[in-house]
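If you count by my numbering, then the sequence shown holds residues 1 to 58, one letter each, in order.
To be clear, the hints were calculated from the coordinates, so they are not data collected in a lab.
Do not take every clue at face value.
Listed next, with one range per pair, are the computed distances between beta-carbon atoms [to be verified]:
| no. | residue 1 | residue 2 | range |
| --- | --- | --- | --- |
| 1 | 47 | 3 | 18 to 24 Å |
| 2 | 47 | 2 | 15 to 21 Å |
| 3 | 27 | 51 | 31 to 37 Å |
| 4 | 1 | 45 | 20 to 26 Å |
All residues carry an ideal CB built from backbone N, CA and C; glycine is no exception.
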Amino acid sequence: MFGIARGALIVMVILFISNLFLSETEPWQQSTLIPYGMAMTEWSRIFIADMNAVNLPQ
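All chains should be modelled from the sequences, with the hints used to inform the complete structure.
Right under this line is the structure:
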């Protein structure tokens, strides 16, 4: 189970970084799997922001 989570984390990091440089290229825009990966990346970004908001001292 840890291997799957680690693999998913690595893929999300690669997609996040690649999106910064490749989002305007034709192969990136025509990809069928990139939207799923980007949705997962966006979900994790929101999740991390929510976790940080909960853990901040008030």
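Evaluated hints:
no. : hint                : verdict
1   : 47 / 3: 18 to 24 Å  : holds, 21 Å
2   : 47 / 2: 15 to 21 Å  : holds, 19 Å
3   : 27 / 51: 31 to 37 Å : holds, 34 Å
4   : 1 / 45: 20 to 26 Å  : holds, 23 Å
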